[in-house]
Amino acid sequence: MELFLQTAIAGLLLGGVYALISIGLSLIFGVVRIINFAHGELVMLGMFATYWLWRGFGLDPYLSILIVAPLMFGVGVLIQRTVLQPILSSSAIMKIFATVGLSLVLQNLALYLWGGNYRSVRVAYSTATIKIGGAAVSVPRLVAFAVALVLVAMLFVVLKRTMLGSALRAVAEDRDTAALLGLGVSSLYLVTFGIGAALAGIAGALLMPFTSATPTIGVGYTLIAFVVVVLGGMGNTLGALLGGLLIGVVETLAGTYIDPQLPHVVVFGLFIVVLLIRPRGLFGLGRGTEEVGLR
Amino acid sequence: MKERPTSMDRRGFLRLAGLGATGLAVIDLAACTQDGSGDGGGGPLRIGALYPISGSLALLGEESWRGVEIALELRNQKGGVAGRKLEAVRADIPDVNAASSEARRLVTQENLGLLVGAYSSSLSLAASEVAARSGKTYFELGAIADDITNRGYQSVWRTNPPAKTFTEAQLEFVRDWVAPALKKEPAALKIAIAHEDSAYGSSVARTLEEQAKPMGFGTIVKVPYSAKANDLSAIVLNLKSIAADVVIAVSYAQDAVLLGRQAKENGLRIPVFIGTGGGHSLASFAEGLGPAADGVFNVDFTQFEVQRSFAPGLEDFLAEYRKRYSSEPRSGHSLANFMGANVVFDILEQTKGSTDPKEIARVAKALDVPEGKTATGWGVRFDDKNQNTRAKPFVTQWSGGKLKTVWPKEAAVMEPVLKAPFQA
Amino acid sequence: MTRFGKVGAGVFAVLVVLAVPYLGFSEFVLHNLVLIMLYVGLASAWNIPAYGGQLSLGHAAFFGLGAYASTLLFLHKDLSPWFGMLAAIGVALVAALLMSVPLLRLRGPFFTLATLAMVEVIHRLAIYLRSLTRGSEGLTIPFKTGWAYLSFTSRAPYYYLALGLATITVLASWLIRRSRLGYHLRAAAVDEEAVTALGVKLVRLQVAALLVSAALTSLFGVFFAQYVYVIDPDTVFSSTQFSIQPALAGIIGGMGTVAGPVIGAVLLTPLGELLRSSLSGSQQGLSFLIYGLVLIAVVRLLPGGIVSGARNVSGRLVRRRQSGQPASGPARSVGVGIGKEDA
Chain E
1 MELFLQTAIA GLLLGGVYAL ISIGLSLIFG VVRIINFAHG ELVMLGMFAT YWLWRGFGLD
61 PYLSILIVAP LMFGVGVLIQ RTVLQPILSS SAIMKIFATV GLSLVLQNLA LYLWGGNYRS
121 VRVAYSTATI KIGGAAVSVP RLVAFAVALV LVAMLFVVLK RTMLGSALRA VAEDRDTAAL
181 LGLGVSSLYL VTFGIGAALA GIAGALLMPF TSATPTIGVG YTLIAFVVVV LGGMGNTLGA
241 LLGGLLIGVV ETLAGTYIDP QLPHVVVFGL FIVVLLIRPR GLFGLGRGTE EVGLR
Chain V
1 MKERPTSMDR RGFLRLAGLG ATGLAVIDLA ACTQDGSGDG GGGPLRIGAL YPISGSLALL
61 GEESWRGVEI ALELRNQKGG VAGRKLEAVR ADIPDVNAAS SEARRLVTQE NLGLLVGAYS
121 SSLSLAASEV AARSGKTYFE LGAIADDITN RGYQSVWRTN PPAKTFTEAQ LEFVRDWVAP
181 ALKKEPAALK IAIAHEDSAY GSSVARTLEE QAKPMGFGTI VKVPYSAKAN DLSAIVLNLK
241 SIAADVVIAV SYAQDAVLLG RQAKENGLRI PVFIGTGGGH SLASFAEGLG PAADGVFNVD
301 FTQFEVQRSF APGLEDFLAE YRKRYSSEPR SGHSLANFMG ANVVFDILEQ TKGSTDPKEI
361 ARVAKALDVP EGKTATGWGV RFDDKNQNTR AKPFVTQWSG GKLKTVWPKE AAVMEPVLKA
421 PFQA
Chain U
1 MTRFGKVGAG VFAVLVVLAV PYLGFSEFVL HNLVLIMLYV GLASAWNIPA YGGQLSLGHA
61 AFFGLGAYAS TLLFLHKDLS PWFGMLAAIG VALVAALLMS VPLLRLRGPF FTLATLAMVE
121 VIHRLAIYLR SLTRGSEGLT IPFKTGWAYL SFTSRAPYYY LALGLATITV LASWLIRRSR
181 LGYHLRAAAV DEEAVTALGV KLVRLQVAAL LVSAALTSLF GVFFAQYVYV IDPDTVFSST
241 QFSIQPALAG IIGGMGTVAG PVIGAVLLTP LGELLRSSLS GSQQGLSFLI YGLVLIAVVR
301 LLPGGIVSGA RNVSGRLVRR RQSGQPASGP ARSVGVGIGK EDA
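Residue numbers (our numbering), protein chains in the order written: chain E, 1 to 295; chain V, 1 to 424; chain U, 1 to 343.
The hints are simulated quantities; they were obtained by calculation from the structure and are not laboratory data. None of these values were measured; they are calculated from a predicted model. C-beta atoms are modelled at their ideal positions from N, C-alpha and C, and glycine is treated no differently. One or more of the hints may lead you astray.
Stated by the list, open to error - Not the full set, but computed from the structure, chain E residues with beta-carbon under 8 Å of chain V:
#: 1; residue: Q6
#: 2; residue: A8
#: 3; residue: R122
#: 4; residue: S126
#: 5; residue: G255
#: 6; residue: T256
#: 7; residue: P260
Stated by the list, open to error - Computed list of chain V residues with no C-beta within reach of chain U, every gap over 10 Å:
#: 8; residue: A145
#: 9; residue: Q154
#: 10; residue: G201
#: 11; residue: P271
As the list claims (entries may be wrong) - Straight-line Cα separation of at most 27 Å, DSS-like style, residue types lysine-lysine; simulated pairs:
#: 12; chain 1: V; residue 1: K228; chain 2: V; residue 2: K164
#: 13; chain 1: V; residue 1: K365; chain 2: V; residue 2: K385
#: 14; chain 1: V; residue 1: K358; chain 2: V; residue 2: K385
#: 15; chain 1: V; residue 1: K85; chain 2: E; residue 2: K131
#: 16; chain 1: V; residue 1: K385; chain 2: U; residue 2: K77
#: 17; chain 1: V; residue 1: K385; chain 2: U; residue 2: K6
#: 18; chain 1: V; residue 1: K85; chain 2: V; residue 2: K385
#: 19; chain 1: V; residue 1: K358; chain 2: U; residue 2: K77
This is chain E alone, in the form it adopts within the complex (with noise of 0.2 Å):
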């Protein structure tokens, strides 16, 4: 009992990292109608910046947010801005290759200036570990989900409460429209990747304290965060968070229990199954399939 316990703690903390990363996904999907096949080097990229802060500066990575949330931000509207933007209105197979390009431009950059090692930070509370019912808990993974949740929660009282949210909102509900009615739609998209670019390297510096980070981490993460968000449903907050949540204790589970060797090969089991069974989403809370691509 303390294994199942421990071992769905671990997930469920897992997991709050999951959905952070994936809203961010799932926002840049809704509004600027583009999947971000690069979306895991962000999350890369916020990792190497918080290593390198600590590394020169000695920067705790928590406090290293201040720095890389704003520099990710940054990159999401470069980014948009010379990458994205001029091909707004291609055929979305070549809106996919050219995410796909990006992807690989990142994680050679980053091989190329890094090279290939892994690079850990190594703090004070790396190790330490608070009881909650009996099982350890890791400290640096609550912290990572604490803030996750902050964040979520903080978005979505973005997205519902205010201006910027609703603008947001309705871009994704009927770009033209909201064209016609005079919203930036431009300027509401560079603000859409650099909000999704920051959560993802966000997450990246949550990860630090408990992973190592290397060029080619990012691919991983990427495939975790389409699953997430296929699963809550497309374009939908509240699904991202719950997918999240879903699939960290999955995956944490399978590990422990059917075999530490195939945790991967359970998720993406599950997601074919999903796919199979209810393409809407597990919660019903996804668009109509048509937007999302699906049969």
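Once you've looked at the hints, dock chains V and U against the given chain E.
Same frame as chain E, now just chains V and U:
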């Protein structure tokens, strides 16, 4: 997209393909105007060196290459081999495809008769296949997969110890020191193998299982995991439930640290923890865990805290390394490749610079160097599979952030200590 | 050029291509040509589902399955790789059929993503099923030479084999493109509802395209095993080398055309090899960095790939020569293409 009548496609294709092939041939010809001068004649004596200098294996691939480079430099300072200067033609082999390609290039384009390499077992297999099938000689200086010298190729040699000696050393150490220290019979010891699931980890785990039974050990449990996983708590919890006396780990850099950290987080107490080189030999392991790393045993190529009287030439190697690279060696791979390269040069000295496989075989088989006479403390004696049988890994233990040799006695600088790691 | 001239040029080109091994090139050059043929084939096979707008990034799965099927039979049952090829096709067909059940419910980027997930699963399973595949330690091809065993000491026979496989693949690609299957696929890439409204059983066609593509790709997996002599999961299921690189060649050359993947492969493959061997080690990741930049540039500037760019240029030349005639413009036949405007 614009459309033309489809009949254009076929002609278009043929024309383009023909143009492409011809054009490319021209480019290729221009790019490779002359074939390499090979290694004959009176010029420098050229040998090929295939190592992953880029890609995910770059750190230790480059470290391995440095050993060869230093050996070459020092030998040239003493006049080279057979009166000729040595020259290494280095090729970067980040993956199996490249290993095959580059080996082919060195053999056919550069006309080299002898190649050395390669750090990684799968790269070594690919490169040596090319060399062997073309009738050229290949010396492996650092990769450990048993397969490398098990394929029956007469022109493939290996100077470093293979995987099965690692596991032999581990099991001997457990039988001869750990069991008495824990006051248990070998057959009563519970042993778990936590290993990453690539070629490295799987082959070691498999060999351990095979060797353990005849040596009188009881149950061995295998716990495989993916080195790329970012969460090993499942493994740790599994090990907790197994409650092993001895855990033998086979890990790369990141997972070695991660496993240690999560063991500490989850309060996993292991009386004796033995690494199998890889991540457990790296400075980054101690960096990542601090005092929690102390007590971890490790079986690997010769490390630098070793009896100097048993490893003549080690000091010269270290001096040259520090001078050239302004740092300490990052692992024992450079030393192992240094020793192996020297063996190759010694052989070439006796063949008077000839890379004819039969000449090399004649000289190599006759070599008889006792242990404790080379920079790694290994001897040289090739068996009928061209494997050096006098190369054995030593057991070291992390102590105060350093890897100290504790076993065998001739090489040890410290007595082994019974200390459960990952507790501090 | 007269029609006779065109045919003559074509024949000459074919003869040159066939005579290459005897034109005195080094083994290394031949090796590069073999690699080019490999990627010509992979890119062309990849292109077949791409006609229908289905971009797979999971073709490494079929490649690897082919390599393993043939090698396992060679090792355990002493079956010649010729039979191995049949087995590879069989395994690939089964895999593609099973995959298409969930996969074909997805469109566009989700199809692509799901293919990425698929190959990851198969890769992991290949490592996990150690008793079958020897896991990550990989398998070594037995050293038996000759045409019966598809293993040779010189490059020339490999060249012809690769050339043969590539030719078959390009031919298949061409035949499909000009058939009804191809026509409907390409129409579906533009407007799926219209095509299904016409009563076309689109899903079956898409499955057919995937099956053919998978089978052809698996043959190259067999070839690769026989060429490199060792296979292991990380190599033969490598997304970078056998999913992305052929796709890149196809897109940069011109997706949806027959010549596109050929041109893309001919240009990209030597570039990659050259980058790696000339920059030996000092620059990690440079070739793929360049690929990525080229890909973005192509999407931005030349979405139809090099082929459409070349056609633009040659079209302009043709119109100039036929001066006096009104520029006939692009829509000489039903303008079906891959691109689709977003709503």
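Taking the hints in turn, this is what the structure says about them:
| no. | hint | result |
| --- | --- | --- |
| 1 | Q6 | holds, 6 Å |
| 2 | A8 | violated, 11 Å |
| 3 | R122 | holds, 6 Å |
| 4 | S126 | holds, 6 Å |
| 5 | G255 | holds, 4 Å |
| 6 | T256 | holds, 4 Å |
| 7 | P260 | holds, 4 Å |
| 8 | A145 | violated, 7 Å |
| 9 | Q154 | holds, 12 Å |
| 10 | G201 | violated, 8 Å |
| 11 | P271 | holds, 29 Å |
| 12 | V:K228 - V:K164 | holds, 25 Å |
| 13 | V:K365 - V:K385 | holds, 10 Å |
| 14 | V:K358 - V:K385 | holds, 15 Å |
| 15 | V:K85 - E:K131 | violated, 66 Å |
| 16 | V:K385 - U:K77 | holds, 26 Å |
| 17 | V:K385 - U:K6 | violated, 60 Å |
| 18 | V:K85 - V:K385 | violated, 30 Å |
| 19 | V:K358 - U:K77 | violated, 34 Å |
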